[in-house]
Amino acid sequence: MSEQTITVDIWRGKEEGGFQTFQVPRLASQTVLDIVTYVQRNLDPGLSYRFACRVGVCGSCAMTVNGKPRWTCRTHVDKVAPETGSGGKLTIQPLKNLPVIRDLAVDMTEFFEKWTRAGGQFVPTKTRNDDFAEVSPNDPARKQASAGIECINCGVCYSACDTVAWLGDYLGPAALNRAWTLVNDARDGGQKARLQAVGGSSGCQSCHSHQSCHELCPKHLNPTASIAGLKRATVKAALKGDI
Amino acid sequence: MASARAEILEWFVQRVTGAILAVCVLVHLAVIVYAVQGGVTSKEIVGRVGGSVPWLVFYSVFVVAVALHAPAGLRNILREHTSLGRRQTHWIMAAVCLVILWMGFRAVIGLYGLGA
Amino acid sequence: MMGHRNHANYWAFLVHRVSGLLLLLFLPAHFFVLGLAVERAADMDAFLSWTEMPLVKLAETGLVILLAAHMTGGLRLLAIEFLAWRDWQKTVVAITGGMSVAAGLLFLLNAV
Numbered sequence: 393m394s395e396q397t398i399t400v401d402i403w404r405g406k407e408e409g410g411f412q413t414f415q416v417p418r419l420a421s422q423t424v425l426d427i428v429t430y431v432q433r434n435l436d437p438g439l440s441y442r443f444a445c446r447v448g449v450c451g452s453c454a455m456t457v458n459g460k461p462r463w464t465c466r467t468h469v470d471k472v473a474p475e476t477g478s479g480g481k482l483t484i485q486p487l488k489n490l491p492v493i494r495d496l497a498v499d500m501t502e503f504f505e506k507w508t509r510a511g512g513q514f515v516p517t518k519t520r521n522d523d524f525a526e527v528s529p530n531d532p533a534r535k536q537a538s539a540g541i542e543c544i545n546c547g548v549c550y551s552a553c554d555t556v557a558w559l560g561d562y563l564g565p566a567a568l569n570r571a572w573t574l575v576n577d578a579r580d581g582g583q584k585a586r587l588q589a590v591g592g593s594s595g596c597q598s599c600h601s602h603q604s605c606h607e608l609c610p611k612h613l614n615p616t617a618s619i620a621g622l623k624r625a626t627v628k629a630a631l632k633g634d635i
Numbered sequence: 068m069a070s071a072r073a074e075i076l077e078w079f080v081q082r083v084t085g086a087i088l089a090v091c092v093l094v095h096l097a098v099i100v101y102a103v104q105g106g107v108t109s110k111e112i113v114g115r116v117g118g119s120v121p122w123l124v125f126y127s128v129f130v131v132a133v134a135l136h137a138p139a140g141l142r143n144i145l146r147e148h149t150s151l152g153r154r155q156t157h158w159i160m161a162a163v164c165l166v167i168l169w170m171g172f173r174a175v176i177g178l179y180g181l182g183a
Numbered sequence: 002m003m004g005h006r007n008h009a010n011y012w013a014f015l016v017h018r019v020s021g022l023l024l025l026l027f028l029p030a031h032f033f034v035l036g037l038a039v040e041r042a043a044d045m046d047a048f049l050s051w052t053e054m055p056l057v058k059l060a061e062t063g064l065v066i067l068l069a070a071h072m073t074g075g076l077r078l079l080a081i082e083f084l085a086w087r088d089w090q091k092t093v094v095a096i097t098g099g100m101s102v103a104a105g106l107l108f109l110l111n112a113v
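Residue numbers (the numbering used here), protein chains in the order written: chain A, 393 to 635; chain B, 68 to 183; chain C, 2 to 113.
In short, the hints are calculated from the structure, not lab data.
A quick note: this is a predicted structure, and the numbers were derived from the prediction, not measured.
Each hint should be verified, as a subset may be incorrect.
Said to hold, decoys possible - Computed from the model, here is a short list of chain A residues facing chain B with C-beta under 7 Å: (1) T397; (2) W558; (3) L559; (4) G591; (5) G592; (6) S593; (7) T626; (8) V627; (9) I635.
Each residue gets a CB set at the ideal place from its N, CA and C atoms; glycine is no exception.
Based on the sequences and whatever the hints tell you, model everything.
In structure tokens form, the structure reads like this:
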């Protein structure tokens, strides 16, 4: 059986750096994470990258693959670099819009800082001595919240968002999506401060509904819809004088 | 925060004027498509809008709506694609708003006056 | 560089932004020509007869398409932001695009 190889360009360095080219054997059902792992184990142990579960539940392995941010453990090589006469070509870079620590690993600090700044923490109103809160799963607000709570902070949407790239202080799709789930949480007591935090040009008003976040979210969430909800909520609050 | 409130309301004004402009544009496009049949002269334009209060009101609303709508969009473009900051784009916005108001009303009132 | 931008809603954004900018740049010229009617009616009529030229008619059709595109794109945005979410938005993008071209053709057919 003739061995097929694939040509892979991998980013080395930080923001300044360059691509290094490797030849990696093609295998059946191979994922991009398999490729990166092969390079680090067999060709260059100095390659820095991040992963954890390898099975599409943790979101740690997100990288930019042929221009798109994706989970590399869930990206099959055959899908993004199909075999042609020369074996196809793969380009792997770190996630965009975040500082590069080295090679394919990025610093997620600002991503989580914006999560906090957007009011992403639940603010309790009851104590252990109170009765349980009764929230029907059919309640419309609860449905809105439930539609967005599966986010695992992988950073793909943040990396795909051009408004994040163009406006440095824009909170971003993940942080705003989380804020929306809490705005719809009947038990939460921090609504006023949260709406204040997500309103304005660093917040929901700057979303232009490109929907790259929705297109690329591996959990099929819809931050644009959540942000549209925040737009309505912040305008209502501003007109009432609450902001 | 005062600036968040101002930015939210500015965004809202852009959306509301957008809705108003949708109506204005539909009317305007219909009129233009009808009017350019067989060519158009200044006399025809004056004949239609000169001295007409309904057209004066319509185009005044149109001009004000554009003056409030367009600068907001321009501001987004400047904030996102140039290194201009909040304050600078604020003043550019105000200037563009005034220019549109001035040039627009000069034309609207001028044309109305010709037929009065 | 299109990479993650290669999808319908992004193109809709691009068209909306570019058309808005071009329309804004066109406005001063438009107001200026209209203002000519007040003091320089002869100049205005000379200008208006110049606009009878086919190439100018084509440019005007382009302007009508820009206006229709910006308006339909804006209505799409208002729907996204103020109405309940619809998953078939790519279809909406196609519809708005079609309506813009239709408006332009209507203008062209009436103008020549």
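What hint numbers does the structure not satisfy?
1
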